[in-house]
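From first to last, the protein sequence lines stand for chains A and B. Under this note's numbering, residues -1 to 192 are what the first sequence spells out, in order. Under this note's numbering, residues 53 to 336 are what the second sequence spells out, in order.
Quick caveat, the hints were computed from the structure, so don't treat them as lab data. Treat the hints with caution; some may be incorrect.
[To be verified] Using 20 Å as the maximum straight-line C-alpha spacing, the simulated EDC-like pairs for lysine to aspartate or glutamate come out as follows:
(1) A:K73 - B:E300
(2) B:K318 - B:D261
(3) A:K74 - B:E142
(4) B:K327 - A:E124
(5) A:K134 - A:E124
[What the hints assert, rightly or not] Residues from chain B that face chain A, not an exhaustive set, calculated with beta carbons under 10 Å:
(6) I117
(7) L120
(8) K121
(9) P123
(10) Q126
(11) L213
No experiment lies behind these values; they were computed from the predicted model shown. Glycine residues also receive a C-beta, built at the ideal position from the N, C-alpha and C atoms.
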Amino acid sequence: MEKDKFEGLIEQGVIFLSRFLTGKIYLYFPLLYSSVIWAMRRSKGWRERIFSWKIWLEPGKLESKPDFFILDFFKKDTSLSAQYSKEIEENDLRELRRAFKFLYPILGLEDPFLNELFQKELKSREYQKIVSEFRKRLKKVKEDIESSGERLRIEEGLRELSENIASLSIELFEENEVRKMIEKIVAKELKRNK
Amino acid sequence: MREGFNLRINYGILIIFSSLLFFPSCVSHLKEAKLSYAEGQRFSREYDEAKAVACYRRARKEAEIEALKNPSAQAYMLKGMSELKLALFEEAEESFCEAFNLGFEKGEEWAEQVSLLGLASSLEELGLKEASFKIYSFLLERSSLIEILLPTSQKHLDFALREALEASGKEREKLLVQVLKTVEKLKEKKMSCGYFHYLESQVQSHLSDFRKSLEEAILAKELGLPNDEVRRDNDLQIVFCYQRLKTELSSEEWEEFNNIYLRWIKKWKWENPEKPEWKKREKE
């Protein structure tokens, strides 16, 4: 029952996005998936926390990793080590560090938004393509959302979707299961548009 | 000023205040900007970049309106912070300078320090690395606000570590020891701060002391870290140290260490010693 409701909400989400992001189906998956993940980890009380009205900058992770951390990252994954065999063999840390900057958030930290954005390349294991297209693709996402001219309405729509999803007992689902359900619905939309 | 807003006010006033919050026309642009900025940070913490960007855009717009209507250091500070998040570094620098020109009111020490930190970040992005490093060092030395010390220490250490990595041999080691001393001083300021232990874990790893690095990473995890990105990075540091120690320790040492390690991962509900609970991707 909850599954049907969930699928219904995702379908509505796809219809909603298709109204504002016509032809930009590649954006549906990351936007819907990250909205669902947010709903699943619903965090409460954040509004109360900002009542003090003091606003801060947040710390992030340290970017500078030791050489052997970088080397291990490439060596311990068969596909990755095959694609970067020359750099590993030549101990080309300059090039490995450059690639690490883009690949670590996706393959290491598993950033959900980036993972969905590069889903195709991840499936086909085209890691070098991810590195070469990373900046361009991320810039395009920001531009596409902005250029739709409906940014605020998209945000509101996704927020509404997240809230509706949060009202279901969705935490009972596995993240992989959720992923497959969204994938199926977006694929259906893709087929319908062809 | 609402900075000193006290949560202990009576319930009735809280309801009136809360309801005002949800009617944008009744809320000042400065508050609307702060609300949007905080919302953006929340989405960033949850890896929801598209929504975070939308919030920072809104925060910037509201702060801009406020700065035009009632110019104040805080309005420009917020405008600059939103621009920083949107990678508009030149605009951010201008906004922070404008904030300093207007001057901060008494009790706005936090806003002044945030602006200084923001200015250093934009200068760094615009290529003025040395100048930004000096500001980070100044803040690290002078500030007593933990919210300032956290992002400042990250920026300062990243810079110092990059310098160390560019050197080699004894010079690299000397620079790394200096970085370690900085972290130790930070820990003295607040021993219970998980983020400082995370920083020490990272530095110890640069010094190839994987046992200490692991201990600090475990402490950081137990004390708590500020967001998902840092938490996951810290988990991967634990896995990395575990793998390193596996090859470094003698069989007796390993057995003893592994027994303790297995107890930790059981507590954290990890699938196996090398797979944190959030990790979905299988290595090929």
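Hints versus structure:
no. : hint            : verdict
1   : A:K73 - B:E300  : holds, 18 Å
2   : B:K318 - B:D261 : violated, 24 Å
3   : A:K74 - B:E142  : violated, 40 Å
4   : B:K327 - A:E124 : violated, 23 Å
5   : A:K134 - A:E124 : holds, 16 Å
6   : I117            : violated, 15 Å
7   : L120            : violated, 20 Å
8   : K121            : violated, 18 Å
9   : P123            : violated, 18 Å
10  : Q126            : holds, 9 Å
11  : L213            : holds, 4 Å
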